[in-house]
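Q: Chain by chain, the residues:
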Amino acid sequence: MQLFPCPFCGPRDETEFHYGGDAGNARPDGTQVPIDRWANYLYLRTNPKGTTREIWVHMTCGEFFVMDRDTVTHKVLSSAALGGERAA
Amino acid sequence: MTASRLATGGSAIDRSRPIRFSFDGATVHGFAGDTIASALLAGDVAVVGRSFKYHRPRGIWGAGVEEPNALVDIGGPRATPNTRATTEPARDGLVAKSVNATPNALADRNAFLDRFSRFIPAAFYYKTFMWPDWHMFEPRIRAMAGLGKVDTDWTSPGTSDQINHHCDVLVVGAGPAGLAAARLAAGTGLSVILVDDQQRPGGSLGHRAGEIDGKPAAVWVEETVAALTAGGHLILPSTTAFGIYDHNLVGLNQRHSDGRPDTLWRVRPRHIVLATGAIERPLPFANNDLPGILSADAALAYLRRHAVLVGRRVVVATNNDSAYEVAQALAEAGADITLVDIRPDGMPATPAKVRLIKGRALAAANGRLRVEGVTLDDGTRLDADCVLVSGGWTPTLHLFGQARGKLAWSEARAAFLPGDPVDGIAVAGAAAGAVSLSEVFASSAKAVASLGQTKAAMPASTGPEATGGITAAWPIPGSKGRIWIDYQNDVTVKDVELAARENFVSVEHLKRYTTLGMATDQGKTSNLPGLALMAGITGRTVPEVGTTTYRPPFTPVPLASFAGARAGELMAPVRRLPLENVHRASGAVFQEYGGWLRPAHHGGGADADGTIQDEARRARQSVALFDGSTLGKIEVIGPKAAEFVDFIYYNTMSTLKPDRCRYGFMLSENGVVFDDGVLVRLDEHRFIVSCSSSHVAAVHARLEEWRQDRFGRDAVYIHNATSEMATLTVSGPNARKLLQALDLGLSLDDADLPHMAIGHGTYAGDEVRIARVSFTGDRSYEISIRADRAEPLWAHLRQAGQAFDVAVIGLEALMILRAEKGFIVIGKDTDGTTLPHDLGVEGPRGKRQTEFVGRRSLFTEEASRGDRLQLVGLTVPQGEAPLPTGAHGIRRSDGKLNSQGFVTSSYQSPTLGRPVALGLIERGAARHGEAIEIQHLGKLRTATIAAPCAFDPAGERLHA
Ligand SMILES: [Zn+2]
Numbered sequence: 001m002q003l004f005p006c007p008f009c010g011p012r013d014e015t016e017f018h019y020g021g022d023a024g025n026a027r028p029d030g031t032q033v034p035i036d037r038w039a040n041y042l043y044l045r046t047n048p049k050g051t052t053r054e055i056w057v058h059m060t061c062g063e064f065f066v067m068d069r070d071t072v073t074h075k076v077l078s079s080a081a082l083g084g085e086r087a088a
Numbered sequence: 001m002t003a004s005r006l007a008t009g010g011s012a013i014d015r016s017r018p019i020r021f022s023f024d025g026a027t028v029h030g031f032a033g034d035t036i037a038s039a040l041l042a043g044d045v046a047v048v049g050r051s052f053k054y055h056r057p058r059g060i061w062g063a064g065v066e067e068p069n070a071l072v073d074i075g076g077p078r079a080t081p082n083t084r085a086t087t088e089p090a091r092d093g094l095v096a097k098s099v100n101a102t103p104n105a106l107a108d109r110n111a112f113l114d115r116f117s118r119f120i121p122a123a124f125y126y127k128t129f130m131w132p133d134w135h136m137f138e139p140r141i142r143a144m145a146g147l148g149k150v151d152t153d154w155t156s157p158g159t160s161d162q163i164n165h166h167c168d169v170l171v172v173g174a175g176p177a178g179l180a181a182a183r184l185a186a187g188t189g190l191s192v193i194l195v196d197d198q199q200r201p202g203g204s205l206g207h208r209a210g211e212i213d214g215k216p217a218a219v220w221v222e223e224t225v226a227a228l229t230a231g232g233h234l235i236l237p238s239t240t241a242f243g244i245y246d247h248n249l250v251g252l253n254q255r256h257s258d259g260r261p262d263t264l265w266r267v268r269p270r271h272i273v274l275a276t277g278a279i280e281r282p283l284p285f286a287n288n289d290l291p292g293i294l295s296a297d298a299a300l301a302y303l304r305r306h307a308v309l310v311g312r313r314v315v316v317a318t319n320n321d322s323a324y325e326v327a328q329a330l331a332e333a334g335a336d337i338t339l340v341d342i343r344p345d346g347m348p349a350t351p352a353k354v355r356l357i358k359g360r361a362l363a364a365a366n367g368r369l370r371v372e373g374v375t376l377d378d379g380t381r382l383d384a385d386c387v388l389v390s391g392g393w394t395p396t397l398h399l400f401g402q403a404r405g406k407l408a409w410s411e412a413r414a415a416f417l418p419g420d421p422v423d424g425i426a427v428a429g430a431a432a433g434a435v436s437l438s439e440v441f442a443s444s445a446k447a448v449a450s451l452g453q454t455k456a457a458m459p460a461s462t463g464p465e466a467t468g469g470i471t472a473a474w475p476i477p478g479s480k481g482r483i484w485i486d487y488q489n490d491v492t493v494k495d496v497e498l499a500a501r502e503n504f505v506s507v508e509h510l511k512r513y514t515t516l517g518m519a520t521d522q523g524k525t526s527n528l529p530g531l532a533l534m535a536g537i538t539g540r541t542v543p544e545v546g547t548t549t550y551r552p553p554f555t556p557v558p559l560a561s562f563a564g565a566r567a568g569e570l571m572a573p574v575r576r577l578p579l580e581n582v583h584r585a586s587g588a589v590f591q592e593y594g595g596w597l598r599p600a601h602h603g604g605g606a607d608a609d610g611t612i613q614d615e616a617r618r619a620r621q622s623v624a625l626f627d628g629s630t631l632g633k634i635e636v637i638g639p640k641a642a643e644f645v646d647f648i649y650y651n652t653m654s655t656l657k658p659d660r661c662r663y664g665f666m667l668s669e670n671g672v673v674f675d676d677g678v679l680v681r682l683d684e685h686r687f688i689v690s691c692s693s694s695h696v697a698a699v700h701a702r703l704e705e706w707r708q709d710r711f712g713r714d715a716v717y718i719h720n721a722t723s724e725m726a727t728l729t730v731s732g733p734n735a736r737k738l739l740q741a742l743d744l745g746l747s748l749d750d751a752d753l754p755h756m757a758i759g760h761g762t763y764a765g766d767e768v769r770i771a772r773v774s775f776t777g778d779r780s781y782e783i784s785i786r787a788d789r790a791e792p793l794w795a796h797l798r799q800a801g802q803a804f805d806v807a808v809i810g811l812e813a814l815m816i817l818r819a820e821k822g823f824i825v826i827g828k829d830t831d832g833t834t835l836p837h838d839l840g841v842e843g844p845r846g847k848r849q850t851e852f853v854g855r856r857s858l859f860t861e862e863a864s865r866g867d868r869l870q871l872v873g874l875t876v877p878q879g880e881a882p883l884p885t886g887a888h889g890i891r892r893s894d895g896k897l898n899s900q901g902f903v904t905s906s907y908q909s910p911t912l913g914r915p916v917a918l919g920l921i922e923r924g925a926a927r928h929g930e931a932i933e934i935q936h937l938g939k940l941r942t943a944t945i946a947a948p949c950a951f952d953p954a955g956e957r958l959h960a
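Chains as they are written, first to last, in full-length UniProt numbering: chain E, 1 to 88; chain L, 1 to 960.
A couple of the hints might just be wrong.
To give a feel for the contact side, a few chain L residues facing chain E, derived at Cβ under 8 Å [said to hold, decoys possible]:
| id | residue |
| --- | --- |
| 1 | 247 |
| 2 | 701 |
| 3 | 856 |
Going by beta-carbon spacing under 8 Å, a handful of chain L positions derived as facing chain E [unchecked claim]:
| id | residue |
| --- | --- |
| 4 | 116 |
| 5 | 249 |
| 6 | 670 |
| 7 | 704 |
| 8 | 709 |
| 9 | 712 |
| 10 | 851 |
| 11 | 855 |
| 12 | 859 |
In case anyone wonders, no lab produced these hints; they're calculated from the structure.
These numbers were taken from a predicted model, which means no experiment stands behind them.
Where is the CB? At the ideal position from N, CA and C, for every residue including glycine.
Just chain E, with the same shape it has in the complex:
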């Protein structure tokens, strides 16, 4: 079981966290967004092997944050409070 570093609480057991999607998945606003662009935002994920940036939420404190980690080694590289990840 992994230890994730909540920027607010510190390292906690992974069972206290929920996955919140890819980080850096910019949300395009408006009704005129090309449908492919919107579909990419909704559904297309890169699923990388190796380092990845993800949004996670610490359910016990409500903190959403960005975490860099490695999907192969499960090493956690860094975590930081969320802000503007979905800004287009």
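Guided by the hints, dock chain L with the ligand onto chain E, whose structure is given.
A: Just chain L with the ligand now, with coordinates in the frame of chain E:
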């Protein structure tokens, strides 16, 4: 009698405490400190079980966790199937039964299967019973195979404890390597947990000779344990580290001698030292699975720990030095020993009174129910009542492998050793390939040093030491006779050869095709010989064949341990109303709704339906009370609160005036309706999101996400106040009259408190918030008050309601009332495709100019299809039964029936005197008045499509 208990000796047993237990119905005598296996051996019980597939007689092989043969089912309150007799302490009164044997191990009626064994090779069952269908044969085949039986009537005598712990260094294994490492680490100021799967620390020092720091090994063990205990370090005997998980979390299975269920430990150490020892391998020769053939090291353990001499006339077969101490000890204990060494030279001195035959291997064991002799590879026959074998040592690297440690092949040791180090994990002792105590202690010092610790004083071996000479003796392809590789799953040399012929040459394919290593022992004695054989057959080296993946658990762990307290009611704890006890006292019948335990109805006994009808009818006639405390109450506060709720909701909310509320939808980004509810505006910068009862956590999470990511923590603040307040709802034509009987300190005049407005009053000194919101279609007041002050208000409402024949209703009646009105429940009347305009709420989609969650998804081709499922009412004639929920609307085309939607809610309306139903039907909004066929379980009925609202469509009762 061949195996027997000696008159003296036995470091583990207490002769002053005799015990008795039963095995296969016979009484077995032993002493405290015996395992089931040592007591059975002392009583010369040779056959202790039957093999998985061929029902071959099997005896005890080992003295530890690796045991492939001696599995027993333990009965009674601590019933456990497939328990290893070699590790299970013998207890007075214990009831043990052999596995896979009917009626018992000695006289198994399925033993005939062995005579057909050459017709039953690997994969026989899969190949043979293909036609017409494997599942036809499977039940009978499974009944014949398999090991222990689960007692399905058994219930746990208690909850399994779970303990979370942490330390600087976790040392796994309390043999010489682990004890030394623990003491070294403790000496540098680190906190240590030392775990060992045996009842007493010491590991191999419990039966192998040694002298440490000038003292007998046993004294050194005692002193080391005492020093660690005095230093406040935790020593856990009878505890197996069964798994290393991500980020070096270690799972421990602790067994108790006092009848308590096992304890699960989750330990997070900063460093791990694996001093897990090594496991002795069998040697390959025909009939090497006969009872009476044991691991040589196990025989030494039984001798020195339990004073059990396993045989009188013993052949010791070996390819390495470790068996020499065994031969010497058994000879000194009075056995007649012939030592057969595969090596022609280079071995240690022959012990006194031991006959040595060198340069020879065993070709076969002879005997039927137990070994009676052996045949050497030169044809020489020797009589024997017991054969001890040592095929070399396999370092126990399961935990290292689980932690993704790679193994490195050592030709000199004929074994896999730890390869490149893994972060935070060091391996010491026999697990790292050390043989002599000097090597062991050096490896412990190196392990502790690798954790970044300075070198401390390490113990020194001061006596004669073991040597590690070995000549590999792997199974040879083409050998005559039936040579067992995997005892527990009945895999022989021929099965591995068959796998190779059929091209299952990859180690993972070999495993699955032959089931090698897939039994409950997970191949602890068989994996390496099996893959070495495959290497020999295919002309590869052992490391080229490679090992299978190591996965937890190392040894079986009761599922109850993982469940812990999360069973029964605590599996998924329900949320409870503040007034639950009050409702219970007035006869409420509770059910779970969306995670909340709520009154379904009040009283009624067997006629629940009648009671529910009565509650719904009376609610329309005069006035009803119900507990709506589960409704979400999430406060949204801050300078950007209005902008925020506009973004979160489908409907424009920023135009709401203070002390007014508005009904709206929240969508997911894919446009699907996620939740519905009322938003209250308290003042310019303060709102209350009143979401569905079962959705509070999810709505709260999504509010937080958008707040933190898009709006900023300074701009909006979110506070979930759901459980702080109780909400008591008064609904019905006489609702206002009832409320007027209480002095709530505010005007209930419709001019001051109209529908969809908020009023502020007090009750008994506490602030109350009154919302004129209706889920029944009748004039309603939702009164919110501090949860801990709700009881007097509820009592007062009930008492004042007597004058109006007040009905206290449960959720079932409420569901009828809202369905009469066509009010939806998200997730019941909608599904994962329902868009807001499917529910008839088209306005914001067409008109809104500002951004909101899910907006773009409302303008896709899919969202604009003309044949979408839309919310409708469905009526059937008076006197007919309600439509079944889930029944499909049917369209006929080319004689076929196709679905065009389905019934989502359906009830008998006591007020209308006919059934009411809601459904999602293709193009339903434009088809009011049309007849539609409804099919359920093959039966067809006809309904009429109607507007969702069946009762008071003009909404006059809201103001009545
Ligand atoms: Zn946190």
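Q: Could you run down the list of hints and mark each one as holding or not?
A: Verification of the hints:
1. 247: holds, 5 Å
2. 701: holds, 6 Å
3. 856: OK, holds: residue 856/L within 8 Å of chain E, min 5 Å.
4. 116: violated, 47 Å
5. 249: holds, 5 Å
6. 670: With a minimum Cβ separation of about 6 Å from chain E (threshold 8 Å), the hint on residue 670/L holds.
7. 704: Cβ of residue 704/L sits 5 Å from chain E, so the hint holds.
8. 709: Hint on residue 709/L: holds, closest Cβ of chain E at ~5 Å, below 8 Å.
9. 712: holds, 7 Å
10. 851: Status holds, d = 5 Å.
11. 855: Holds - the Cβ of residue 855/L comes within 8 Å of chain E, reaching about 6 Å at its closest.
12. 859: holds, 5 Å
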